[in-house]
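Asks: Chains Z and R are the protein sequences, given in the same order.
Per our numbering, residue 1 is the first one in the first sequence, and the count goes up by one each step.
Per our numbering, residue 1 is the first one in the second sequence, and the count goes up by one each step.
It should be emphasised that the hints constitute simulated quantities derived from the structure, not laboratory data.
Some hints could be false.
Because identical chains cannot be distinguished in the list, a pair is counted as satisfied if it fits within a single copy or across any two copies.
What the hints assert, rightly or not - Below, computed lysine to aspartate or glutamate pairings styled on DMTMM-like, alpha-carbon distance capped at 20 Å:
no.	residue 1	residue 2
1	K264	E303
2	K169	E270
3	K264	E298
4	K169	D202
5	K169	D114
6	K264	E25
In this text, all values refer to a predicted model and were calculated from it rather than measured experimentally.
Spelled out, the chains give:
2 protein chains.
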Amino acid sequence: MARGARRSSGLLDARSQAILLAVIEEYVTRAIPVGSQTLVERYLLGVSSATVRNVLAELEAEGYLGHPHTSAGRVPTDAGYRFYVEALVGEHALPPVDQLMIRHQFGQVEFATDQWFRLAATTLSSVTHAAGLATAAKPRAARIRHLDLVGIGDRMASLIVVLNEGSVKQGLLTIDPGTTADELAEAAQRLNRSCLGLTAADFAERLRWFEEAPIDDPVFAFVRRAGDRALRILREFDATTVEQLFSDGLLHVMAEPEFKASEKLRRVFEALENRQYLGELIEDVTRGGVTRVYIGRENRPAEMADVSLILAPYGRPGAAVGVVGVLGPTRLRYPQAIGSVRFVSRLMNDLVDHLYA
Amino acid sequence: MARGARRSSGLLDARSQAILLAVIEEYVTRAIPVGSQTLVERYLLGVSSATVRNVLAELEAEGYLGHPHTSAGRVPTDAGYRFYVEALVGEHALPPVDQLMIRHQFGQVEFATDQWFRLAATTLSSVTHAAGLATAAKPRAARIRHLDLVGIGDRMASLIVVLNEGSVKQGLLTIDPGTTADELAEAAQRLNRSCLGLTAADFAERLRWFEEAPIDDPVFAFVRRAGDRALRILREFDATTVEQLFSDGLLHVMAEPEFKASEKLRRVFEALENRQYLGELIEDVTRGGVTRVYIGRENRPAEMADVSLILAPYGRPGAAVGVVGVLGPTRLRYPQAIGSVRFVSRLMNDLVDHLYA
DNA sequence: GCTGGCACTCCACCAAGGAGAGTGCTAGCG
DNA sequence: CGCTAGCACTCTCCTTGGTGGAGTGCCAGC
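Please model the entire structure based on the sequences and the hints provided.
Replies: See the structure below:
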């Protein structure tokens with residue numbers, strides 16, 4: 001029997017696909033289980049509701065649709081969404097007007113690196129009506145581009161570390177009262193000469209070499225101390241998987257009917273807060289170098305079973321990489337969301353490229 | 001009639017106060033309206049439930065208690081909490097063990113200014129089980145302490161601006177390809193010489209003075225451009241009321257029974273997101289210089305009618321000030337929360353003081 | 001002025017029942 | 001042989017009505 005053969009192969013004929021598509025789009029917009037009647041009325045399928053019911057039953061057997069209870073309409077399963085994303089729709093480009101608006105906004109912060117990531121999160125959130133996520137671009141191993149020492153008050157100095165990808169870190173350092181600005185500058189210069197372009201590992205080596213130098217020079221002792229502090233900053237930076245995560249619009253998700261009046265979303269937030277899983281995903285995505293979609297239970301943590309994530313990498317694989325994306329209910333406008341995420345990731349790519357051009 | 005006189009004066013005798021206290025503490029811990037029976041059973045008041053009922057009726061007439069419906073127990077009103085905070089309990093100091101733990105945590109980030117604020121928010125959140133808030137210390141008018149220019153790639157330079165209170169801002173700048181590190185350093189030095197300690201207004205003046213200098217010197221033109229960029233950074237900094245707001249533990253609030261399954265909290269978040277009202281409060285608190293408690297409807301925006309805020313200033317009024325605090329349901333453990341907030345604000349004070357010692 | 005007693009009120013909870021939506025199945029049609 | 005019309009069935013949702021219980025307000029008596 002042809003039908004049996006098709007079922008086991010997992011392929012769907014055109015009509016089944018059309019109906020699956022209709023179910024998903026209907027469910028995504030209305031958030032209520034969809035029945036055969038509705039489909040016939042709204043999607044002009046040219047067949048009767050009974051026929052549609054037969055097809056729906058098949059789609060359910062294949063695992064693409066589910067049933068909240070016996071006499072309810074159909075709801076897409078994670079597998080249904082997966083098929084939808086991969087075979088049925090792919091990606092929708094952002095409307096040109098949105099593209100223009102977003103480009104404009106990014107244009108305004110072109111020279112303020114620290115705002116890029118925040119803006120990426122905000123933009124994605126407002127365009128997709130889901131939560132927007134963005135991590136700062138982070139190199140696998142930071143290199144020092146520049147060091148500076150600035151006196152703050154009488155017994156404190158601020159150690160400023162500029163990393164190769166352009167981000168700036170800062171730490172405090174105690175100094176002897178009476179240390180002059182010139183002495184600080186001198187110390188900074190010495191450090192700069194000896195540590196430019198070094199990673200934490202190399203820098204540690206270099207400092208060990210310092211260690212063997214004579215101790216009696218007070219400036220030298222200070223240089224060593226500042227070096228230690230810089231090394232610590234560097235190591236802390238390397239150690240964190242997700243340096244900074246910006247998120248915006250978690251409220252949007254909160255407003256979705258499936259999360260109204262429910263404990264679920266709180267769990268999701270909690271899972272997000274500890275960064276563990278997100279860190280892994282980001283690792284995944286940056287390593288893979290392509291946009292990834294994680295639907296519902298495809299997320300390992302149980303708390304994330306009701307949300308989907310779309311993540312895209314940006315940056316230069318050799319130098320520094322980050323991730324942008326959205327988080328929303330599994331009932332997500334995937335084509336639009338994927339398009340938006342990829343658009344923003346390309347924009348971020350361009351911005352980061354400028355830094356290395 | 002003495003009772004009538006007392007009622008109009010708004011003063012309460014010892015027993016009424018004891019009962020009001022009992023109602024509030026009971027309600028704060030159990031989150032269910034409290035009846036006369038419960039009070040007699042749990043608080044050993046030495047009188048019968050009927051007497052308690054009479055007192056409760058008086059307290060309600062005075063406006064300290066409310067009634068969800070005719071046959072329900074009593075619930076404190078905002079005025080009730082207000083009286084409780086001002087006349088009945090005041091502030092509870094944090095348990096020494098918590099103090100020690102918090103001091104320890106702050107000790108670990110003593111030299112990483114950018115982590116102070118985040119830690120303050122996190123700490124307050126975990127100690128009070130409400131949302132913790134903290135703004136970075138911000139001077140009324142920023143002054144430049146130090147400028148630096150660092151080449152990034154071939155046609156970009158990072159402009160680093162260290163402000164007087166120690167925070168570091170950063171912006172990008174295009175440069176002519178082939179500009180050497182020495183030229184950048186030279187430009188930075190020139191800027192430093194002429195703008196040290198200036199506010200945005202003074203700096204603008206100085207730059208105007210630059211304007212009139214001969215244009216043909218290419219380094220000079222660049223210095224001018226970098227100056228403009230620095231000025232913009234300075235002005236942006238001055239313009240924002242709340243430079244950075246760290247919050248943590250909004251989840252705690254979400255878990256409270258009054259917000260479970262309700263739209264209310266989402267509104268609160270939204271009201272928080274636009275920073276308008278919070279900015280005003282912070283202005284209030286820093287100007288007043290003392291810890292303030294805003295209970296329920298005392299908050300102007302209607303969305304905030306169900307939450308209370310406790311905010312305390314820290315920093316040096318002349319130099320830089322910030323705010324720490326908590327946000328929770330009106331049903332809050334005020335004494336503990338106030339104590340915690342003030343403790344953390346004192347800690348932050350000490351930290352900031354180090355910068356100016 | 002306090003207390004015990006009592007009638008009253010109102011919510012929370014549960015069960016019953018009807019409307020509605022949607023299904024699965026079957027017989028019949030082209 | 002696939003599609004369709006019809007129909008019985010199922011399950012949710014909503015409304016309705018009834019009950020128990022918690023808590024109040026008031027009154028008479030100590």
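Asks: Evaluate each hint against the coordinates.
Replies: Hints versus structure:
no.: 1; hint: K264 <-> E303; result: within (7 Å within a copy, 23 Å between copies)
no.: 2; hint: K169 <-> E270; result: neither (28 Å within a copy, 31 Å between copies)
no.: 3; hint: K264 <-> E298; result: within (17 Å within a copy, 32 Å between copies)
no.: 4; hint: K169 <-> D202; result: within (19 Å within a copy, 28 Å between copies)
no.: 5; hint: K169 <-> D114; result: both (12 Å within a copy, 9 Å between copies)
no.: 6; hint: K264 <-> E25; result: neither (24 Å within a copy, 30 Å between copies)
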